[in-house]
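Given the coordinates of chain G, work out where chain F should sit on it, guided by the hints.
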Amino acid sequence: MSKDFEPRIIAFCCNWCSYAALDLAGTSRMKYPPNFLVIRVMCSGRVDPQFILEAFRRGADGVLVAGCHPGDCHYIEGNIKALRRMTLLKRVLEEFGIEKERFRLEWISASEAEKFVRVANEMLEKIKPLGPLKIEEVHRHG
Amino acid sequence: MDKPKIALYWCASCGGCEEAVVDLAEKILDVVNLVDIVFWPVAMDYKVEDVEKLPDGSITASFINGGVRLSEHEEMVKLLRRKSKLVIAYGACSSWGGIPGLANLYGREEILRYVYHEAPTVENPQKIRPQTETRAEEGITLELPEFLPRLLPLDLVVDVDYYVPGCPPTPEVTWKAIETLLSGNLPAKGSVLGALDKSLCYDCPLNETKPEKVLIKEIKRPHEVIADPSKCLLTQGLVCLGPVTRGGCGALCIKAAMPCTGCFGPLDEVIDYGGKAISYFASIVDYSDEQEIEKALGKILDPMGIFYRYSLPASRLRGKITIAER
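Residue numbers (the numbering used here), protein chains in the order written: chain G, 1 to 142; chain F, 1001 to 1326.
Just so you know, these hints were derived from the structure itself, not from any lab.
Small disclaimer: the values here were computed from a predicted structure and weren't measured.
Note that CB positions come from ideal geometry on N, CA and C, so glycine has one too.
Below are the EDC-like pairs computed for lysine to aspartate or glutamate, each with C-alpha atoms no more than 20 Å apart in a straight line:
id, chain 1, residue 1, chain 2, residue 2
1, F, Lys1213, G, Glu77
2, G, Lys90, F, Asp1286
3, F, Lys1320, G, Glu99
4, G, Lys90, F, Glu1290
5, G, Lys90, F, Asp1289
6, G, Lys100, F, Asp1302
7, F, Lys1189, F, Asp1155
8, F, Lys1320, G, Glu95
9, F, Lys1295, G, Glu94
10, F, Lys1189, F, Asp1268
11, G, Lys90, F, Glu1294
12, F, Lys1217, F, Glu1294
13, F, Lys1299, G, Glu94
14, F, Lys1198, F, Glu1172
15, F, Lys1003, F, Asp1036
16, G, Lys100, F, Glu1290
17, F, Lys1299, G, Glu95
18, F, Lys1127, F, Glu1109
19, F, Lys1295, F, Glu1224
20, F, Lys1220, F, Asp1302
21, G, Lys100, F, Glu1294
22, F, Lys1320, G, Glu94
23, F, Lys1320, F, Asp1302
24, F, Lys1320, G, Glu137
25, G, Lys90, F, Glu1292
26, F, Lys1217, G, Glu77
Quick partial rundown of chain G residues pointing at chain F, CB under 10 Å, derived from the structure:
id, residue
27, Leu88
28, Ile135
29, Glu136
30, His141
Covered by chain F, per the in silico footprint, the following chain G stretches (three or more residues, Cβ under 8 Å):
id, region
31, 53 to 61
32, 76 to 84
33, 96 to 106
Isolated chain G (complex conformation):
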């Protein structure tokens, strides 16, 4: 495995908590790995499992979904829906052959900039040794 492998990780962050935590990390001048491409969504409950599958398909080496802590959801229970979906999705991802380290669901409140930085570093450390996620193109046109 090449030592300079830099994973690309997609982070779906909810508008009300996790994205605010990310903002706070930035304004507080905390350092976090540049490997994370952040997509702001209104709620973790907006993250359709299809988005995660599509992210892996298009070359993501890892996916993080971050939402408000249970009980804190701006939409009351969007994060609980995310929890239910991701619980089932995780089992399917495993059967697809995607290592469990590549996918993570975390609750990160607007004040937990440090938690975001910790989660990001942990994910990166765990994904690096796995190497890039390779999905072969399978069509036989032409």
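Chain F in isolation, oriented as in the chain G frame:
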């Protein structure tokens, strides 16, 4: 004027789609009145060379069922594509891979090893396997098609004009599709013919008994419960995929008190049927605690087989991503 020419071909399928055409019953006579069938291996004695002799583009429509699993399938669908104005993926296997597509969870070597050596019903002490080329005693070489690394839906091998869904498509859907094709008023390329553009729930006779908010505490497997055929099956704990499955089947399974398994496939705009089905179904499991959610969903023993039953090769990831030749 000559009647439009139609071809029918099967690839990796069970034969149910061929049966579905025959299930048109006396309507098949109407079809034969309207078109000439120029190729249909299961029912008529035309050979491949008869197709090869036809001018390119001279077949009005080829109905192809089954996924592409053998080199022979690939050659035939490419030949039919060349000879046809329209290619129609007929049935779930051709459209998204279908049940044989679940084999994409395993590599080619794993499948061959199991089927020819390890399956409990197999006795093969000499470890004989089919070869693409065999020298026979008389000095002639016998050939067999190659088993491809994966099963592919038709549209990953050739350009597909229309899809007819179902496992198999019902006679009504088949007839509607044929009518649409013969009307001359063709829908946009890539359209699904003969079915609805709304979900099965829209067409379901039990829809009235579906509460505004469905929540499930305990998931039941079909053999664990005698379902009340007059009540929405979701409210009885059964995993019914009606809400995310294209309607148009006439709710046949539901009328037999069996939940929808999704054979009419995704609605427009859905890019991964299984992902969508997981999204919908998990969200109605009525627990908030992580352990309780896990326990309730644990009742689904085979999520891949439930949510990707007909669509694994057409999913975003196509099957197991690291098919190592172990």
